[in-house]
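S.K.: Read off the chains here:
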Amino acid sequence: MKVTTSLSNNYYYQPRTNKIVVDHLEEDKIEWTFNPLNFHNKFTNVQMFIIGVTEQCNLRCKYCCYSGSYSGKRTHGEFSINKLNIEMIINFIEANSKTESKRIAFYGGEPLLHFDFVKECFIRCKSRLGNNVSFSISTNGTLLTPEIIDWLLSNDIEIAISVDGDKYFHDKHRVDYSGKGTFDRIFKHLDFIFNKYNNPKVTLHITLADVRDLIDVARSWHENSLLGNLTPAVVHGLTPNFNKGVALIEYEEVKSFYKKLIDTYMQHPDWKVLKVFLEGIISPLKERLIFDVESSFDISTCLPNNTKLYIDQNLDIGVCEKFSDEFRIGNVLSGIDWDKSNDMVRKYYNIKTKRCSDCPIVRICEMCLSAIEYTNQQWDVLCHNEKVYFRIALYTFCEMAERGLIE
Amino acid sequence: MYTNTRTTTIVYTPPISILNKNFVPMDKLTPAIQAMGMSACQARCLRCNKCSSNHCGNRC
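Those protein sequence lines, which keep their order, are chains A and W.
Residues 1 to 407 (this note's numbering) make up the first sequence, in order.
Residues 1001 to 1060 (this note's numbering) make up the second sequence, in order.
Just so you know, the hints here were simulated from the structure itself, not pulled from any lab data.
Among the hints, erroneous ones may be present.
To be verified - No more than 20 Å apart at the CA atoms, straight line, and that leaves these computed lysine to any residue pairs for SDA-like:
#1 A:Lys-260 x A:Val-293
#2 A:Lys-19 x W:Ala-1040
#3 W:Lys-1021 x A:Lys-260
#4 W:Lys-1021 x A:Arg-391
#5 W:Lys-1021 x A:Phe-390
#6 A:Lys-286 x W:Ile-1016
#7 A:Lys-347 x W:Asn-1022
#8 W:Lys-1021 x A:Ile-406
#9 A:Lys-2 x W:Ile-1018
#10 A:Lys-286 x W:Asn-1020
#11 W:Lys-1021 x A:Gln-14
#12 A:Lys-354 x W:Met-1036
#13 A:Lys-19 x W:Ile-1016
#14 A:Lys-42 x W:Gly-1037
#15 W:Lys-1021 x A:Thr-44
#16 W:Lys-1021 x A:Leu-285
#17 A:Lys-19 x W:Thr-1013
#18 A:Lys-340 x A:Thr-44
#19 W:Lys-1021 x A:Ile-364
#20 W:Lys-1021 x A:Leu-289
#21 W:Lys-1021 x A:Lys-42
#22 A:Lys-2 x W:Thr-1013
#23 A:Lys-322 x W:Ile-1018
#24 A:Lys-275 x A:Lys-354
#25 W:Lys-1021 x A:Lys-347
#26 A:Lys-354 x W:Asn-1020
#27 W:Lys-1021 x A:Val-388
#28 W:Lys-1021 x A:Arg-16
#29 A:Lys-387 x W:Ala-1040
#30 A:Lys-387 x W:Met-1036
#31 A:Lys-286 x W:Asn-1022
#32 A:Lys-126 x W:Ala-1040
#33 A:Lys-286 x W:Ile-1018
#34 A:Lys-347 x W:Pro-1014
#35 W:Lys-1021 x A:Lys-322
#36 A:Lys-286 x W:Pro-1014
#37 W:Lys-1021 x A:Leu-208
#38 A:Lys-19 x W:Asn-1020
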């Protein structure tokens, strides 16, 4: 795979060595061989348990995966986990985490709609699991109060807040039932937190509904008196939604946009949103493992090497919170259904061995087990786009390296 | 990447060492190879060890 930078230099990605080179040597036709699948009946790396406290949410963000527009995903519902089930959840965590340190993440819906549950769950987890457990909560931020903030931070619970930009960009998508923007409601809480606490355990998460807005989002974030001093933890894109159609992306068109992003970053290296976004794009390449593949290797899947498990409102177990709600691998009470878990991996393995045996980007591919919900035609689209995104990442990495922008 | 030489000529050097900086030391290669069996997000997660900084976005 070849990319050409602005200086007309060519770089080639070599799949077998995982190296980037300037002198292209024609490689043999790639034909990966994958290790046969083994039946698994235990997890060894699970350290994080994401508890979906409730299906309820006080907002109706336009891009929400629970809005009903995504197939396989639940809609905003009424179910919440009852406090009576906390002991059962802790039993499940104890039985399925083999790592010394554990992390429990409160997720939703909006978990602060059930702050009593969060509090009690935290207290009982601390009591039973000891000091090697850490906590976080993902929230839209609207229901925070000074008292809740103080309680969370004094108990070392990390607060992850969704902020999509300044008022204009945030309010475009993050709205309540009546369609009213929510920026003002969270901004006063952010103001409280960052004025009262020095370096609080608070992370800001940007969802970029339209990547074409990125430069404007970065500029307005930088110009905001409070946000401009804060670095977002991550800039997310949206999960592909085939109900709305997923377009095949075209390399040259996307490349020219990324060149514009890098040009802008050169001019404004202090625009934190742009920096975080570009770091996210190149990280799969920057952190890739460089060694020759000489023999067969395992197909990459989430199971059984998963580091996290998701507990939903019905106490059913998902591989992760981003997975289709139609795929569950057990229940808190009955434990992991290993047959189901193995069936899912087998289905994915069969698709991957057919599709990936000659794929040049198999070592960097970001597709995961959650793709088993897709049809063949949808896989065609996703594989095409994944390859284009990889090439874009390669171009971005090389272009930034040439310009001295890689730290 | 550019380097200023004594003659003030600007010489272009492809930044190959930056592009191929291996984050995995040789003694950790075996677990790294095993990690090929993980999904990309989880392999990244295990390499990172910065859970409390919530940096990768894999932390809900």
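S.K.: Checked against the structure, which of the hints given earlier come out wrong?
M.R.: Hints 1, 3, 7, 15, 21, 23, 24, 25, 26, 27, 32, 34, 35 and 37 not satisfied by this model.
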